[in-house]
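There are 2 protein chains.
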Amino acid sequence: MLTYDLSQRDDTPLYEYLYELIAADIRQGRLGANKKLPSKRALAKHLGVSLITVEGAFSQLVAEGYVRAVERKGYYVCDLTPAAAPVAAIAPAPVQAPERVAVDKPLTCAFDLRGGSLSEAFPYDAWARSLREALSQESEATLVGPQEPLGTLRLRRVLANYLGEFRGMSVSPDQIVIGAGAQYLYNMIIQLLGAGVQVAIENPGYPRLEHIYRVNRVPVAHIPMDDQGIRVDLLGASGANLVHLTPSHQFPTGLVTSAPRRYELLSWASQDGKRFIIEDDYDCEFRLAGKPIAPLQRLDAQGQVIYTNTFTKSLGSAFRIGYMVLPPALADRYERELGFYSCTVSAVDQLALARFIESGAYERHVNRMRTQYRALRDQLMEALRTSQLAPRLSFAAQDSGIHFLLGLRSFASGEELQRRALEQGVAISCLQSFYQGKHAEEGDVRWLVVGYSSLDPAQVGPCVRALEAAWLEG
Amino acid sequence: MLTYDLSQRDDTPLYEYLYELIAADIRQGRLGANKKLPSKRALAKHLGVSLITVEGAFSQLVAEGYVRAVERKGYYVCDLTPAAAPVAAIAPAPVQAPERVAVDKPLTCAFDLRGGSLSEAFPYDAWARSLREALSQESEATLVGPQEPLGTLRLRRVLANYLGEFRGMSVSPDQIVIGAGAQYLYNMIIQLLGAGVQVAIENPGYPRLEHIYRVNRVPVAHIPMDDQGIRVDLLGASGANLVHLTPSHQFPTGLVTSAPRRYELLSWASQDGKRFIIEDDYDCEFRLAGKPIAPLQRLDAQGQVIYTNTFTKSLGSAFRIGYMVLPPALADRYERELGFYSCTVSAVDQLALARFIESGAYERHVNRMRTQYRALRDQLMEALRTSQLAPRLSFAAQDSGIHFLLGLRSFASGEELQRRALEQGVAISCLQSFYQGKHAEEGDVRWLVVGYSSLDPAQVGPCVRALEAAWLEG
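Protein chains in written order, with the numbering used here: chain F, 1 to 474; chain S, 1 to 474.
What the hints contain is simulated information worked out from the structure, not anything from laboratory work. Ideal Cβ placement from N, Cα and C applies to all residues, glycine included. Some hints could be false.
[As the list claims (entries may be wrong)] Computed Cβ-Cβ distance ranges for the label pairs, DEER-style:
1. S:Glu382 - F:Arg132: 55 to 65 Å
2. S:Ala195 - F:Ser413: 33 to 43 Å
3. S:Gly273 - F:Arg298: 29 to 39 Å
4. S:Gly239 - F:Phe395: 37 to 47 Å
[Stated by the list, open to error] Once the Cα atoms are required to be at most 20 Å apart in a straight line, the calculated SDA-like pairs of lysine to any residue come out as:
5. S:Lys274 - F:Gly56
6. F:Lys274 - S:His222
7. F:Lys35 - F:Arg72
8. S:Lys438 - S:Arg217
9. S:Lys45 - S:Leu6
10. F:Lys438 - F:Leu455
[Unchecked claim] Under 10 Å between C-beta atoms, here's a sample of chain F residues computed to sit facing chain S:
11. Ala126
12. Trp127
13. Leu131
14. Phe395
15. Gln398
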């Protein structure tokens with residue numbers, strides 16, 4: 001039976017502490033592949049903790065791919081050794097002239113299920129207060145004097161601290177670069193890595209990513225996903241030396257990259273010092289069940305993971321502040337080679353954000369949003385489950401982030417369902433539309449990506465009625 | 001005798017109106033090359049205006065290269081036809097790995113003559129008021145809702161209007177793109193023009209420009225200047241299809257590109273629809289004598305001039321807002337191909353700036369700064385002229401922008417003078433240091449670039465004493 005000393009746990013919740021101990025044993029091989037774990041009830045009794053604690057730890061282990069649950073049998077340790085890579089080579093797509101980009105024009109629709117953030121929940125008063133405080137309490141020299149190219153040290157310290165507390169990352173402020181949004185920071189990464197960068201992105205994935213690399217004349221390979229994450233065998237065959245990932249919550253599939261796949265990715269990078277991984281942690285704050293997934297950055301011993309995040313999902317898309325955490329060697333290179341770039345965020349905004357986080361207003365806001373989103377998700381899923389569409393529906397990836405996948409058995413294609421929804425006033429995207437290249441829809445289930453964050457609770461009922469009208473016929 | 005109807009002039013000052021009429025006659029060939037203009041006194045009498053009015057018009061015509069003054073003889077019309085281009089080819093420098101960049105670390109010096117803006121003159125209260133007003137008077141939806149990728153329409157309208165009033169430019173808000181500083185906008189221009197861009201920059205010039213193009217893997221050619229501006233013959237031979245200029249006030253020489261040279265540049269561009277000119281109008285607000293030089297953009301009939309400007313020189317380097325004016329066809333292309341980029345400036349800042357300009361606070365600030373700079377320049381030049389260095393000094397380019405050139409007869413090199421000044425606590429750059437490649441200092445006059453804007457009036461005396469200590473010996 002697994003025996004752990006749970007008395008050393010500081011402030012960590014008990015279930016999380018237990019999860020950490022078991023995960024460490026699996027990583028270090030003390031719990032080998034395919035070993036069966038004791039039953040939850042037996043382990044709870046053995047350790048003298050509640051059943052809920054063990055359940056919390058186990059579900060986190062399952063979410064991160066350390067352990068798999070086998071129905072009616074129990075929990076088994078997964079195999080963390082990277083799989084051997086067979087598979088045909090996929091060359092990166094040749095660099096092409098940028099295509100016409102469909103900028104998301106505001107559609108005339110009553111209900112928008114394409115994501116975007118809940119602007120009504122923007123903590124307007126608290127933010128305005130932080131701005132006013134920065135204006136009145138900081139010295140003029142601080143606000144309008146010469147600025148540090150990486151960003152204001154005070155904000156970088158606050159972010160380092162925040163990442164330590166909430167993401168378990170051990171980061172120096174010297175590794176952090178602040179910039180006007182993630183898009184800007186990706187441009188800086190491309191310039192930092194220099195000539196010869198070839199990037200791989202997830203397929204399906206976030207379409208604007210490809211645009212950014214294309215207009216920077218970087219060859220792009222689209223790498224398929226399986227149920228563990230991006231396929232590292234195909235990544236290796238693609239010739240790419242940079243991979244851009246959303247491992248904590250893949251967009252749009254919602255998939256959490258499994259622990260074995262994370263090690264495979266790190267193993268891929270470690271084979272060549274010029275390989276890098278961009279970990280885009282875009283909605284880590286909004287895991288709605290269990291604890292947030294530990295970032296890849298924490299497992300990176302070789303300095304090959306570049307962590308990026310913004311405040312777009314938590315504070316709104318008008319809020320143009322993002323940051324990246326560079327491995328120490330790249331941070332040095334940034335200062336040396338790109339240090340001539342001035343920081344693109346005004347000092348007033350940076351200091352207001354530092355105050356906003358320090359005061360606890362940011363955390364309170366995120367907690368409030370998480371609660372609202374959870375309620376909204378539950379309300380919407382319940383309305384769908386009790387709708388006339390119910391017998392044909394299935395759900396996936398509803399536990400994290402602010403979108404989930406809705407499966408609908410249908411003879412129509414995903415794009416047809418999307419079009420019919422729009423005719424009824426619902427803007428929604430089919431999963432199919434996020435694929436690059438040919439991707440046949442299999443079986444009779446069509447998947448829609450439901451980004452519910454800009455929906456008002458009062459809209460849920462009418463929105464589901466509109467979807468019924470759109471989709472009831474086959 | 002030249003005869004003009006001066007009664008139609010609206011609000012334009014009389015001297016400027018007269019200047020415009022004569023310049024138009026020269027451009028359209030009604031006043032041919034080498035024609036002698038009437039004497040100032042005779043023309044004033046003939047037109048029934050004051051001598052001061054004619055003097056103002058003539059000195060503007062001379063400043064812009066329409067007319068040249070021949071001592072004791074009078075004023076003659078310049079030849080505006082582009083010179084034929086002979087000259088050996090200069091290949092753009094091959095793309096090299098970015099070099100180590102010397103980021104301007106704050107030197108430990110008592111007096112900083114390297115430019116930078118006068119942060120004490122930042123209109124802090126007026127700006128904070130505009131920010132507070134934007135926060136309290138704009139709707140939440142405006143501030144935190146979805147934003148236009150080109151920038152807030154209101155600010156683009158205000159800028160179009162401002163450019164019309166102060167630079168005589170006829171510009172639609174649709175042509176304006178707002179971004180977090182000039183460096184960011186140059187990145188966007190590179191991505192907009194796409195693969196195959198080869199840029200030419202002025203030599204001597206602004207060193208960070210080269211860094212930006214280099215890290216974007218754009219080949220860079222350094223084109224020498226003569227007394228009219230950049231040498232278009234060498235530009236043509238370089239193979240570049242983009243030229244990045246500071247025609248209104250070249251940095252660091254202070255040279256104003258002459259009218260004939262402006263037409264040569266436009267003629268160069270018009271020979272190939274894929275050639276473009278970036279007109280960097282970085283300190284147009286600070287012409288200290290005469291009226292500001294008309295921008296190249298106004299003369300551009302083919303849509304090949306991209307005008308860029310920022311608020312860095314007028315509001316401080318911490319103020320990260322810049323804008324560019326694209327020719328209509330490029331503006332369309334920007335929306336189509338780069339419209340997926342979110343605007344990098346927060347809506348609050350954009351609306352605060354729009355209010356700041358609309359309220360007249362910006363214009364008042366610039367006028368106040370211009371007066372301060374003029375007084376500071378006069379005080380510094382007077383202190384130099386009455387110093388022990390006086391017999392060895394000469395001055396150039398003191399009428400526009402916030403730096404001038406100081407010539408010192410010396411046996412030492414410019415770099416040696418720079419080093420000796422720093423030993424005495426004065427940070428100052430020699431002109432030589434802005435040259436790329438080999439450039440021998442000729443004769444016995446060494447030129448220093450005096451950026452006086454961050455000097456306090458009380459520092460002028462001690463600063464000149466320090467320069468005496470540094471340079472008195474040869």
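Taking the hints in turn, this is what the structure says about them:
1. At about 44 Å, the CB distance of S:Glu382 to F:Arg132 disagrees with the hint of 55 to 65 Å.
2. One distance hint, 33 to 43 Å for the beta-carbon pair S:Ala195 and F:Ser413, holds here, with the actual separation near 36 Å.
3. Range check, S:Gly273 to F:Arg298: about 52 Å between beta-carbon atoms, so the 29 to 39 Å window is missed.
4. For S:Gly239 and F:Phe395, the Cβ-Cβ distance of about 59 Å falls outside the hinted range of 37 to 47 Å, so the restraint is violated.
5. Pair hint S:Lys274 plus F:Gly56 does not hold up; C-alpha atoms about 62 Å apart against a cutoff of 20 Å.
6. Distance check on the hinted pair: F:Lys274 and S:His222 sit about 32 Å apart at the alpha-carbon level, beyond 20 Å; violated.
7. For the hint pairing F:Lys35 with F:Arg72, the CA-to-CA distance comes to about 16 Å; that is within 20 Å, so the pair holds.
8. A distance of roughly 23 Å separates the Cα atoms of S:Lys438 and S:Arg217; the hinted pair therefore is violated under the 20 Å criterion.
9. Distance check on the hinted pair: S:Lys45 and S:Leu6 sit about 14 Å apart at the alpha-carbon level, within 20 Å; holds.
10. Taking the CA atoms of F:Lys438 and F:Leu455, the gap is about 32 Å. The hint is violated against a cut of 20 Å.
11. Here the hint on F:Ala126 is broken, as its CB sits about 12 Å from the closest CB of chain S, past 10 Å.
12. Hint status for F:Trp127 relative to chain S: holds, with the closest Cβ pair at about 8 Å, below 10 Å.
13. The interface hint given for F:Leu131 holds, since its Cβ lies 6 Å from the closest Cβ of chain S, which is under the 10 Å cut-off.
14. Given hint, F:Phe395 at the interface with chain S, is violated; its Cβ is 28 Å from that chain's nearest Cβ, farther than 10 Å.
15. Nearest Cβ of chain S to the Cβ of F:Gln398: about 26 Å, over the 10 Å cut. The hint is violated.
Violated hints, listed in ascending order, are 1, 3, 4, 5, 6, 8, 10, 11, 14, 15; each of the other numbered hints is respected by the structure.
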